[in-house]
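Novice: Chains as they are written, first to last, in the numbering used here: chain Y, 1 to 65; chain W, 66 to 235; chain Z, 236 to 1192; chain A, 1193 to 1251.
Honestly, the hints are just simulated from the structure, not real lab data. Think of the CB as a built atom: it goes at the ideal place given N, C-alpha and C, for glycine as much as any other residue. Don't take each hint at face value.
Each computed BS3-like pair below joins lysine-lysine, with the alpha-carbon atoms no more than 30 Å apart [what the hints assert, rightly or not]:
#, chain 1, residue 1, chain 2, residue 2
1, A, 1196, Z, 828
2, Z, 553, W, 154
3, A, 1229, Z, 553
Reference listing, derived: stretches of chain Z covered by chain W, where coverage requires no fewer than 3 residues with Cβ under 8 Å from a Cβ of chain W [to be verified]:
#, segment
4, 1114 to 1121
5, 1150 to 1160
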Amino acid sequence: MGFDPKILSFFCHWCCYAAADSAGVARYQYPPNNRVIRVMCTGRIDPRFIIESFYVGADGVLVGG
Amino acid sequence: MAEATKRILELVGIKLERFRIDWASAAEAPLFVKIVTDFTEAIKKLGPLGEAEGLERETLRLRLEAARELTSKSRFRAAFGNLARELKKVGDYSPEGISSRVEQKLVPLIKKELLESEVKNLLSQGPVSIEALLQKTGATQDDIVPILESLSKKGKVEKQGDVWQPKAKE
Amino acid sequence: MEAGRSPNIEIITLAELKELSGKPGNFRAKLHIRPRYVDPLKCTSCGMCTTYCPKEVVDEYNERLTFTKAARIDYAQAVPTIYYLDEKECLRLQHESCQLCANVCGPNAIVFDQQPEERELEVGAVVLALGFGRVPEEVLEKYGYGKYPDVLTSLELERLTCASGPTEGEVIRPSDFTHPRRIAFLQCVGSRDVTCGNGYCSSVCCMYAMKEASVVKEHLPEAEIDLFFMDIRTQGKGFDEAFNRAVEKYGFRTIYARVPRVDQVGRRLALTYVTEDGKTHRDFYDMVVLSVGLDAPQDAEVLAERLGIELNHYGFAKTKVSTPLETNVPGVFVAGAFQGPKDIPESVVQAQAVAARCSELLAEVRGQDAIHKEFPPEDEELERLEPRIGVFVCHCGVNIAGVVNVKEVARYASTLPGVVYTEDVLYSCSQDTLNELVKKIKENRLNRVVIAACSPRTHEPLFQETLREAGLNPALIEMANIRDQCAWVHAEDPEAATQKAKDQVRMAVAKAARLMPLELQRVSVTPSALVIGGGAAGLQAALSIANQGFEVYLVEKEEELGGNLRRVTGLLSGERPQKILEDLIKQVESHPKVKIYKGTTVENISGYVGNFTSTLRREEGSEVINHGVVILATGGKEHRPVLFGLGENERVLTQLDLEGELEKKGGRLSRAKSIVMIQCVGSRGEDLKYCSKLCCQQAVKNALRIKKKYPKKDIYILFRDMRTYGFSEDAYREARKAGIIFIRYQVDRKPELVKRGKSLGVKIYDALLGEELFIPADLLVLSVGITPGENEEISKVIKAPLTGDGFFLEAHVKLMPVELPVEGVYVCGLAHGPKPLEETLAQARAAAAKAAIPLAKGYVEVAPIVSRVDQSKCIGCGICAALCPYGAIEMVKVGKRKKAQTITASCKGCGICASHCPVLAISMGGFTDEAILAQIEAFGAFVEREAEEKTEKEEAA
Amino acid sequence: MAKKKSGKVLVLGGGITGVQAALDLADLGYYVYLVDKKASIGGVMAQLDKTFPTNDCSI
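Next comes chain Y alone, as it looks inside the complex (with noise of 0.2 Å):
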């Protein structure tokens, strides 16, 4: 069986949230591994949300501007 990795995201609302959305409009497909957080900006995003993110046991984290 593969491994599913379990990722963990965190997208601008003004940029990758909104290409995430675009994405769905246009019915691109990807993986559905990732869980998404949204924020207001990356500037928001603070190394804790990225070290708790790894702590609790995400596979991988992915920030999108």
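Following the hints, put chains W, Z and A in place on chain Y, whose structure we already have.
Specialist: What follows is chains W, Z and A alone, placed relative to chain Y:
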């Protein structure tokens, strides 16, 4: 932010490929899809957290625990904030500029604090030998001894033969 | 596009203005509205109609490069986001043969028998923003368009490079789908061409060609790109710099030539062209891009006739320099490309300016017809209770439910901590469901709501409003995006999609439990404006704000109003600049709402939008004033470089000096036989890096004025690129006809001053003759450009950044051309960058519109996503204040210690302060550390669950 | 006395100019009819891939 976080992850022992920052504007849906797909593939190759790193679950937890403490500590946060302020002031956002400043101003502090937290956490679980400490933290004798000495000066730990243990409160 | 959301903007599409009667303040407008065949109240934009529509049609939106359907939406982000049936193509409407769309439409929104509608509106003013039209295809055919498939228009290329375009961003040759290796851009297609009736310059093509070429180069790094120019006209703010950077970075070749001839030779395209040295060349390319100009809007003529609007000889609206927004019909205004070809920032400037103009006309009835929504008071007691979360999971027809097991997600949600109510709904955004939602909130005493549906970017405001209707604070909602970022993108894996939906719902519930009510912050505004600078820009801005009904303090450092305009004595349009200035000053001086301070400087400005306090210093002493907004109209200065003997030799003048001479009888000008003008002296790379935009027009204007007064004099204009953009190209052509001699010089072979005894002359290399010429100059006139005024001091006082060239940096180069990054401060005129009078006057009004918005509202409303400092934790380190990109944190004295404090009105909620606070004393509204950490923790549960499952499996094995 | 003026404005054309004018007018306290002959507003701006020099998405 990215650079500092990367250095912490590096010291924890987590592969940097597990943490990525990328950009896609609202109109760049295909680019976004590529980013997510590539990242997922990369993580798949690495396997579950700890596997590619060769870290035991317990060690990983210990180190991440220390990193958590570090990133909430005001000493680290002040240094981190000040560095960001300095970068903004000099306006140098070249990767080299950021990296050298982080190396100079932040990394020593990160190293020291991480190790201290790890040692404290280990000690809080009971008596432990220097050898065991060295093995679990992956640090050198030169790094660990001063920490133990300073802790013992503060009266928090004591040496009992070969092992160190938390000092009982009087 | 926020226009779709404002309760005070009613969008009427597929409509045409048939008739207009009445007078300013009271017009009656008749509209003819064509049917959409889709009920906008029912359409949920799911796209099923397009999916099933059997009729393929050519996609106009994608420049006919691909196909779409008869039932469609032009592009995904279209506003309104409602599909429509293309009447001409729909099989049902044409042949009564098909009704697939109606069958598959979940909400039954298709209405085949919708009828056209006539509507009569009562309005106080009319704005014509018709945009621009297309250059006819016959014109493009001259360059092989339509005949050779690899000749494209610039707009076609734009769609090709677009990631969501027909080729998903791949640049390929339409003839054989290969990547072009050599590409040529031909400028001035349908512009500067009297043979096609478009004698004007379209002003935007040089810049967009460079942009497109750069984008192509990003896609195809191997491609070689040549651009063919008559002149490189990149006169806008910062454009020259950007152009040169691109040329250097991408290695574009720029060739000066008239538009080449295009022939197909084998599989390639041959260009035949003549360079300025008179030599003919022939080169081969794989793709040719026509930089097509902007035509007058197609429907302008019909409309002009209906409304009695005068058009100019090119079919654009006719306006004056002094009143660039006014048509000949009072109360009917014009803005944007319909007034003359212009780029995005200038269109935005005119749009804002025309808003100010309407507002001046209708000041007395402001707010009369505006809609204000009222909401019931918040149930604060309920909000204080432990979280009682309601989760609503949306099917969105089959959009979500077709992939995600919605029932299962809802069932799962009901097991989560804090959740007291769950329901799955068919369409959560439909009006009846929203009404139900209000009822459910009240019945179940919910105090937090999670909607698992589409993106918060589209519908959160809608649900927030619903919460307010239910008596809850709008901040108490969280959305889980299980459509755009789940069902739609994981359609092939329903199980994983359902899992993801559950996880996102769990994370949303975790966050919802930590949401706190946030007060919609309102800061009251002192209803007056400070305008700094009494030149053309300052006068116009002050007058506009005063006419809109607000107090203005107009401060001029000199003893006289008028600034640089005082020295200008003629205009190409024939209008008299001194008359324009006189009128402006007269109106400003006699206006009861304007208080003028001459010989005064602004010493100190403190405060923030709505509440500024400034010290005005005069010789007699200083005065402190309070005001709500600031307009910077501090102007610029004539650059006076020490070049060509300026300041040493009395026969060397600047263009502004010449304007003075032109008014005199006799004098140096009358004695001079040969007059030489040199362009770009000290500009575009010497003392000033930039182009000053207006010097070419000014030189042509002054040359024509001299020719008119003294037809026998010889006039030479030595130039790098003649930048007579827009309609001033006509004057350039006229000047050539009048016998004024234009000679281009090269940057590396600039003209030189030659003194022979008492006489002066200029040495210049002529490319066509291939030799050096000596031209006697009894009068040498230098076009010297404009330097910034005292921007630096003001920028420090007000904490607004400057560009590298010393002009004020706008908040957004394209979309916010008069706003500064500091809220409540606006810029116009030369303080923003060099520009001719007409543009200055429009920009002044634009600044007046933006400045009047907070004054008109009387308050500044702040979205509650702002930061808040816990001053008991703050240690006063000041890191946050230093890092804030908006200057929205100030350090204040609290007792004996310094503490950070958010200037709520300026905060944009980015959170840099919070993520860098050493002691975690800053929290962000709606995005607190607790909320985000709770989301991370909830994410962790997903990991744990998997681990458990794994162990279970292993144990079972 | 003359008839009271209307506080509404008709903006013809839903391109960037029309949309911006409508937004500002609404913010200034007027009711706006934004009229376009097409099925959606946005004009040519919506067709542009990226705008220079910021390369922002155009919508």
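Novice: Each hint: holds or not?
Specialist: Verification of the hints:
1. 1196(A) - 828(Z): 23 Å, holds
2. 553(Z) - 154(W): 50 Å, violated
3. 1229(A) - 553(Z): 23 Å, holds
4. 1114 to 1121: Our answer is that it holds, as 4 residues pass the Cβ test (under 8 Å) against chain W, meeting three.
5. 1150 to 1160: n = 6 at 8 Å, threshold three: holds.
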